[in-house]
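Top to bottom, those sequences are chains A and B.
When we follow my numbering, the leftmost residue of the first sequence carries the number 228, and every step to the right adds one.
When we follow my numbering, the leftmost residue of the second sequence carries the number 76, and every step to the right adds one.
These aren't lab readings, by the way, just hints derived from the structure by calculation.
Worth double-checking, as some hints may not be accurate.
[Unchecked claim] Far from chain A, by Cβ distances over 12 Å, these chain B residues were calculated: (1) Met86; (2) Ser101; (3) Asn105; (4) Gln112; (5) Val119; (6) Phe148; (7) Ser152.
[As the list claims (entries may be wrong)] Distance ranges between label pairs, derived from CB positions: (8) B:Pro186 with A:Glu280: 27 to 37 Å; (9) A:Arg290 with B:Gly115: 22 to 32 Å; (10) A:Asn304 with B:Asn150: 37 to 47 Å.
[Said to hold, decoys possible] These stretches of chain A come out as covered by chain B in the derived footprint (C-beta under 8 Å, 3 or more residues): (11) 269–276; (12) 327–339.
Where is the CB? At the ideal position from N, CA and C, for every residue including glycine.
Spelled out, the chains give:
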Amino acid sequence: DSGVTQTPKHLITATGQRVTLRCSPRSGDLSVYWYQQSLDQGLQFLIQYYNGEERAKGNILERFSAQQFPDLHSELNLSSLELGDSALYFCASSGGAGVDYEQYFGPGTRLTVT
Amino acid sequence: GQQLNQSPQSMFIQEGEDVSMNCTSSSIFNTWLWYKQDPGEGPVLLIALYKAGELTSNGRLTAQFGITRKDSFLNISASIPSDVGIYFCAGHSGNTGKLIFGQGTTLQVKP
Chain A
228 DSGVTQTPKH
238 LITATGQRVT
248 LRCSPRSGDL
258 SVYWYQQSLD
268 QGLQFLIQYY
278 NGEERAKGNI
288 LERFSAQQFP
298 DLHSELNLSS
308 LELGDSALYF
318 CASSGGAGVD
328 YEQYFGPGTR
338 LTVT
Chain B
76 GQQLNQSPQS
86 MFIQEGEDVS
96 MNCTSSSIFN
106 TWLWYKQDPG
116 EGPVLLIALY
126 KAGELTSNGR
136 LTAQFGITRK
146 DSFLNISASI
156 PSDVGIYFCA
166 GHSGNTGKLI
176 FGQGTTLQVK
186 P
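Chain B with its partners taken away, still in its complex shape (with noise of 0.2 Å):
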């Protein structure tokens, strides 16, 4: 079926340095949506994308939706500890409602 791939699968950074992330698809996705999941909880919208070339914002973080459609990335810049926790892309590559996610970044920050 189809999958998006998420990269990096961890990243452990010192706080107030930039983190970038990424998924890439082997299809064309028609909207982007990234979350982040705290343990124990429900993933939680960050930001969603629904055009091609898109770059939007949501404070200190940014996203854009790729030229291709087959990719997307998020930064976020001066992290903070309450930035820990597992960040998932997802998209939709139909017209249904259905999301696919990625297989999820886990990010630690150290104070």
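Only chain A is shown next, with the shape it has when bound in the complex (with noise of 0.2 Å):
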């Protein structure tokens, strides 16, 4: 258990829907990142959050969005899906924000859009 949780496990959703996917991460980290793992593009880094800001940006969709909020949770928030964006959904977390900070992953979210 990496200490990382996410909900919902599985999520089935119809095209053009929206929905969110949450994640809490390991006590006392301050950043958060997303992935999305498909089986034709492999891990994919989505964005990262420090303490709340904005830190880094990945080839995340204007669709997408995120937010990490006070208690250091974050939301990744999908919307007008698509079936390609049927994928799994990780969530990490680390201590800091740069290059010297292990990545700790979630169970992940596995999102099926129909």
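Could you fit the two chains together into a complex? Lean on the hints.
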């Protein structure tokens, strides 16, 4: 158990809908990262938050957004869902913001868009 | 964009054998990390490397950060059935927390 929690574990929804994925980092960690894992693209970085502020951005679609709250939990919002958004979404956390901090991953949310 | 080339793509070995896999990049990386992922689970951190030339062990696992900072390898000695899974290399190429991942090596161990 990494100490990172994610809910829900599974999510099935229809195209055009909007969903929210939730992540709680390990106790004491200030950075939260979101990654998408699909069969054809592998593990891809989406976005990083550090202590409530956006720190780094990857190839995150404009339909996707995230935020980190004062209690440090984070939410990833996916809207106008398309079939191609079906994937595993992982949250990771680390103690700090930069390259010297190890990232620990949660169990993931499996999103299926039908 | 930046990519990590991980090889081999898959391995099927006999229990007790040693395993070696590696990652290469065309650009310099500041860190190298190795993760293992079981089906339906999140990646689990195995080893983190922070200095060029660094050699680090974690039980039967040994990993090295290449001198050129463009490669890393992971060795597993005396493999056991629970070593089955997908192994990913990952690294930071800049100063942000963004990790770039390799495509993964699928390891199967025959008892």
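Here is what the structure says about each hint:
1. Met86: holds (18 Å)
2. Ser101: holds (17 Å)
3. Asn105: violated (5 Å)
4. Gln112: For Gln112 of chain B, whose nearest Cβ neighbour in chain A is about 9 Å away, the distance does not exceed 12 Å, so it is violated.
5. Val119: Since the minimum Cβ distance to chain A is about 7 Å, Val119 of chain B lies within 12 Å and the statement is violated.
6. Phe148: Phe148 of chain B is indeed farther than 12 Å from all Cβ atoms of chain A, at 19 Å.
7. Ser152: Correct as stated: the minimum Cβ-Cβ distance to chain A is 23 Å, above 12 Å.
8. B:Pro186 with A:Glu280: 27 to 37 Å: violated (50 Å)
9. A:Arg290 with B:Gly115: 22 to 32 Å: Because 26 Å falls inside the window, the suggested range holds.
10. A:Asn304 with B:Asn150: 37 to 47 Å: holds (42 Å)
11. 269–276: Held - the region 269–276 of chain A has 5 residues with a Cβ nearer than 8 Å to chain B, which meets the minimum of three.
12. 327–339: holds (count 10)
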